[in-house]
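Number of protein chains: 2
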Amino acid sequence: MKERSHVCGKIQEELIGQTVTLQGWVKKRRDLGQVIFVDLRDRSGHVQVVFNGEENREAHQVAEKVRNEYVIEVTGSVVARDEENVNDKIATGKVEVMAEEIHILNAAKGLPFMIEDEEEISEDVRLKYRYLDLRRPKMHDTMYTRYRTTKLIRDILDEQNFMEVETPMLTKSTPEGARDYLVPSRVHHGEFYALPQSPQLFKQLLMVSGFERYYQIARCFRDEDLRADRQPEFTQVDIEASFMGKENLLSMMEDMMVRIVKELKGIDVPKPFPRLTYEEAMNRFGSDKPDTRYGMELKDVSEQVAESDFKVFANTVKNGGVVKGICVKGVSDQYSRKDLDSLGSFVEIYGAKGLAWLKVEENHTLKGPIAKFFDEDKASGLIDSFEAEAGDILFFVADKKQVAWDALGALRIKFAKELNLINYDEFNFLWVTEFPLLSYDEDAGRYVAEHHPFTRPLKEDQELLETSPEKVKADAYDLVLNGYELGGGSQRIFERELQEKMFSALGFSDEEAKSQFGFLLDAFEYGTPPHGGIALGLDRLVMILAGRTNLRETIAFPKTASASCLLTNAPSSVSDAQLDELNLSVIPKKQETGE
Amino acid sequence: MKERSHVCGKIQEELIGQTVTLQGWVKKRRDLGQVIFVDLRDRSGHVQVVFNGEENREAHQVAEKVRNEYVIEVTGSVVARDEENVNDKIATGKVEVMAEEIHILNAAKGLPFMIEDEEEISEDVRLKYRYLDLRRPKMHDTMYTRYRTTKLIRDILDEQNFMEVETPMLTKSTPEGARDYLVPSRVHHGEFYALPQSPQLFKQLLMVSGFERYYQIARCFRDEDLRADRQPEFTQVDIEASFMGKENLLSMMEDMMVRIVKELKGIDVPKPFPRLTYEEAMNRFGSDKPDTRYGMELKDVSEQVAESDFKVFANTVKNGGVVKGICVKGVSDQYSRKDLDSLGSFVEIYGAKGLAWLKVEENHTLKGPIAKFFDEDKASGLIDSFEAEAGDILFFVADKKQVAWDALGALRIKFAKELNLINYDEFNFLWVTEFPLLSYDEDAGRYVAEHHPFTRPLKEDQELLETSPEKVKADAYDLVLNGYELGGGSQRIFERELQEKMFSALGFSDEEAKSQFGFLLDAFEYGTPPHGGIALGLDRLVMILAGRTNLRETIAFPKTASASCLLTNAPSSVSDAQLDELNLSVIPKKQETGE
Chain A
1 MKERSHVCGK
11 IQEELIGQTV
21 TLQGWVKKRR
31 DLGQVIFVDL
41 RDRSGHVQVV
51 FNGEENREAH
61 QVAEKVRNEY
71 VIEVTGSVVA
81 RDEENVNDKI
91 ATGKVEVMAE
101 EIHILNAAKG
111 LPFMIEDEEE
121 ISEDVRLKYR
131 YLDLRRPKMH
141 DTMYTRYRTT
151 KLIRDILDEQ
161 NFMEVETPML
171 TKSTPEGARD
181 YLVPSRVHHG
191 EFYALPQSPQ
201 LFKQLLMVSG
211 FERYYQIARC
221 FRDEDLRADR
231 QPEFTQVDIE
241 ASFMGKENLL
251 SMMEDMMVRI
261 VKELKGIDVP
271 KPFPRLTYEE
281 AMNRFGSDKP
291 DTRYGMELKD
301 VSEQVAESDF
311 KVFANTVKNG
321 GVVKGICVKG
331 VSDQYSRKDL
341 DSLGSFVEIY
351 GAKGLAWLKV
361 EENHTLKGPI
371 AKFFDEDKAS
381 GLIDSFEAEA
391 GDILFFVADK
401 KQVAWDALGA
411 LRIKFAKELN
421 LINYDEFNFL
431 WVTEFPLLSY
441 DEDAGRYVAE
451 HHPFTRPLKE
461 DQELLETSPE
471 KVKADAYDLV
481 LNGYELGGGS
491 QRIFERELQE
501 KMFSALGFSD
511 EEAKSQFGFL
521 LDAFEYGTPP
531 HGGIALGLDR
541 LVMILAGRTN
551 LRETIAFPKT
561 ASASCLLTNA
571 PSSVSDAQLD
581 ELNLSVIPKK
591 QETGE
Chain B
1 MKERSHVCGK
11 IQEELIGQTV
21 TLQGWVKKRR
31 DLGQVIFVDL
41 RDRSGHVQVV
51 FNGEENREAH
61 QVAEKVRNEY
71 VIEVTGSVVA
81 RDEENVNDKI
91 ATGKVEVMAE
101 EIHILNAAKG
111 LPFMIEDEEE
121 ISEDVRLKYR
131 YLDLRRPKMH
141 DTMYTRYRTT
151 KLIRDILDEQ
161 NFMEVETPML
171 TKSTPEGARD
181 YLVPSRVHHG
191 EFYALPQSPQ
201 LFKQLLMVSG
211 FERYYQIARC
221 FRDEDLRADR
231 QPEFTQVDIE
241 ASFMGKENLL
251 SMMEDMMVRI
261 VKELKGIDVP
271 KPFPRLTYEE
281 AMNRFGSDKP
291 DTRYGMELKD
301 VSEQVAESDF
311 KVFANTVKNG
321 GVVKGICVKG
331 VSDQYSRKDL
341 DSLGSFVEIY
351 GAKGLAWLKV
361 EENHTLKGPI
371 AKFFDEDKAS
381 GLIDSFEAEA
391 GDILFFVADK
401 KQVAWDALGA
411 LRIKFAKELN
421 LINYDEFNFL
431 WVTEFPLLSY
441 DEDAGRYVAE
451 HHPFTRPLKE
461 DQELLETSPE
471 KVKADAYDLV
481 LNGYELGGGS
491 QRIFERELQE
501 KMFSALGFSD
511 EEAKSQFGFL
521 LDAFEYGTPP
531 HGGIALGLDR
541 LVMILAGRTN
551 LRETIAFPKT
561 ASASCLLTNA
571 PSSVSDAQLD
581 ELNLSVIPKK
591 QETGE
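Residue numbers (the numbering used here), protein chains in the order written: chain A, 1 to 595; chain B, 1 to 595.
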């Protein structure tokens, strides 16, 4: 084996006349008898190599044996292509390499699929042969986007005097949050480590240590039932700072996002990002992660319809509910009554009892089954509320506030996709703030933290923590991009007394709080600075930047929806000896125990 | 709370006359009645703040309440110190801040230890209060060294077109190597993931994928009984490249090390690094990770003593053993006969039956209990072999080669430390090459891989794999620094046939090889390029750079020798519900089951 002199993608006109040695994969081979053409590919691109049997018999004979995806080494001279053979679509299209020597470095048998982006392949096959799937240009590009994104984030945080610190993966199981992955200890009988759901506690302890500006691109784990956009292990850009204040932190994050989108997509994003309170986001978009690339905002018409003849609306308002709607522009002709009625089952998913609709006609009039309940004034008022025009359709949900938000929020997204209202070149960032600190969990019969138990209540609400916990708003912020929650953070509690009140609001006894989080409570008494932070989902950020719609596409070796790796067959059974050392036994499956 | 205008360490002469707002910790407080001095510390350093009760009564009153490690905010004007109070030892020693306003951001109770480097504290207490231990300047500096090292490694690899790819943490348990940490699967009854001992298989698969240049700063896990320099989780700089060849890879690694030592220590390390074969390293230094900061090399005197009257030497050589020795310069006077005899028990640790010694006297003569066995010629010959002079002592071990290597190698290190022969400003890198590929494991009754089963045999030895596996040398290389193995790597097997032969030499049946590593064997058939790589132990590299002697000092939140975290109390027991979900039960301790 020689040394490579060049990479394939850089064989261009300025090398004409030179002898080069290339190493790579056979992307395509065309055998025209006396002449064989091979497109030779490496990471940088590909170049055409010509084997001419008349000029170099030996090399031609070897070239007859090679097949797609063989790994070969070629030495030859760079020549200009004939005018008529120039290919302007590729960087190396003006030249070709006249092979003088070829060595087969490794053979390849027939592949389960072609190494082409266009190929449609079932995901199971792709995951089983992930090492071939990753050879496809689109997958390679996505991994490169992921790499450039993380490198850029590190460089930016370094400039800002943030310091990466590695925190443990073998840590302690805590009751709050999602389900932990456990790791049995061999040394400590019957005890377990937990894999971290996030480095939250450790990053706060680093603030107690005076690190002031910490970050980590950290692997995190959650043993949850997986949806399309979840993975058992995921990567988080984890940031925490002392003495920085919320405004400086958010501004730095905005700068970071602007630079990432500029460098990776060439798109300028304006600053500062809009901010919506949770209440406003829900009221206007029916979502706490609104996609603002299109309009169709929710309007509240409760007052207008409270006195209407349509009893469903009037009674809802009377009983403390709301009537909200959206206006879908210019689609009257596209949706038949049947189409519209069938949307009722869509909103049912979100708990709505029904979906009312009204088509807007010429002269400020309404049409549809419930149009008769609205007189000329009321009709006109509704139309004005939505700034609607003839050809638009109005949709209404009358229900509890949360149901109306959820149903119309989802309907809004559904229409935006169906009607192609989304501009995929837009990167619409925004902040959502003032989330509720706690929510009541009916199953658990207690309040649970909306973010996590270390989130700081807004100063003006702190007194409500003991009296009306549900009214307390958090000093928290979510970063939203194009309808996805990229991440979130908060200013943290840094006083023992307030943290104890928070645990108490969550229904922890003093003893529980101490046994689980005693070290943090203790730490707070040794001079803990005011601090706050944020965590971003790297997989999701990369997914959006790479224009993909599935997190698995952004991860080199992902798991399936049942948390399996189809490539290595993990998880798998292990030897009895391994279990014995851990003092564990597997409880047989129910049906196997027999009865 | 205001915004910080400056950091403490930057309050210097050019700010005289300006008003600054600082936030940080009270490092020290001296109360002189009407005047209180506070050394205020943040990450950047510290500065003296003056509270004068006559000038500002209110601030002085608050300052009376603060104690060490309180977190405070101070606003005041920067003034020059009087000539006699200037402190040249600190960056801020020419100025002080006359406080106008002070706010206590958080109080601190009495600390379990002082935040000073000099303080001697038991390690258990340090680990329990790690968040305070990390406040100490030396710990903070070590973490900063760790950060700068990783950042620099990433920058260097980025320049070389390497791309970081994250590989899974939840992966498959394999029988080779150390003991795996297991993670029970909730979804797959009775099955387990394993935490990776290294990303070895995945990085090789990425080479199959055509990534060509991969790296990752990766967390790795080994469930081994811990020694002082082992941790259950550790961090590895993991590198793999295709089409690069060994020479280019080693040269790049040398460049990387030179730059790291230059940037972090300001020391110039010459290139290229020396290379020793395994055989030479053992013969000269009795170690495969020799410390070359001092001499005392091993000499083989087997031939010279084969015919001597000292039967122990003569018989050893006759029976196929060796007689090797080291010369310790100018210490005759320091070691009594009793001292020297007691060294016998030291070499016994390494399996040696005894340690012979000879003091070198004036006029090329020897003294000591066995001196009588060597006539004038033999004595002179021995002295010449070691280039010894009067005042030196020669030590000999007569035994099997491996025992002589190990015992004298250890003795050499012991003397170097005792006699202060080590220059701690030297950074002596070297490569050790041509390791044995396999060694016979008496317990397992089979050959085991010295590095791992994917290491390529040297080309010239490949034929021996089936006939004399123990003679096969590996195309492997270890990077050694000052007597520590920083890491190692190899060129890899990339052909299915050779990999199968390797598995067969390791005693795997075809079926075992397929069930454990079938996906890799398959991958090798789809066009796998020649590739190789290296992995460095980041913790150890940082330990040496930071001048520490214990890996725990380089890790923010390390585990103890029993793999516990004294801060969080991990591992810990978990709820029955958690175990039920995993279909696991803990086997009670033997003594608890009763009989």
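Some hints here could point you the wrong way.
Note: identical chains are not told apart, hence a pair may lie in one copy or across any two.
For lysine to aspartate or glutamate, the following EDC-like pairs were computed, each having C-alpha atoms within a straight-line distance of at most 20 Å [unchecked claim]:
hint : residue 1 : residue 2
1    : LYS151    : GLU164
2    : LYS589    : ASP377
3    : LYS10     : GLU159
4    : LYS378    : GLU361
5    : LYS329    : GLU525
6    : LYS329    : GLU100
7    : LYS378    : GLU247
8    : LYS590    : ASP580
9    : LYS2      : GLU495
10   : LYS27     : ASP268
11   : LYS65     : ASP225
12   : LYS372    : GLU485
13   : LYS589    : ASP576
For the record, the hints were derived by calculation from the structure and aren't laboratory data.
Broken hints, by number
2, 5, 6, 7, 10, 11 and 12
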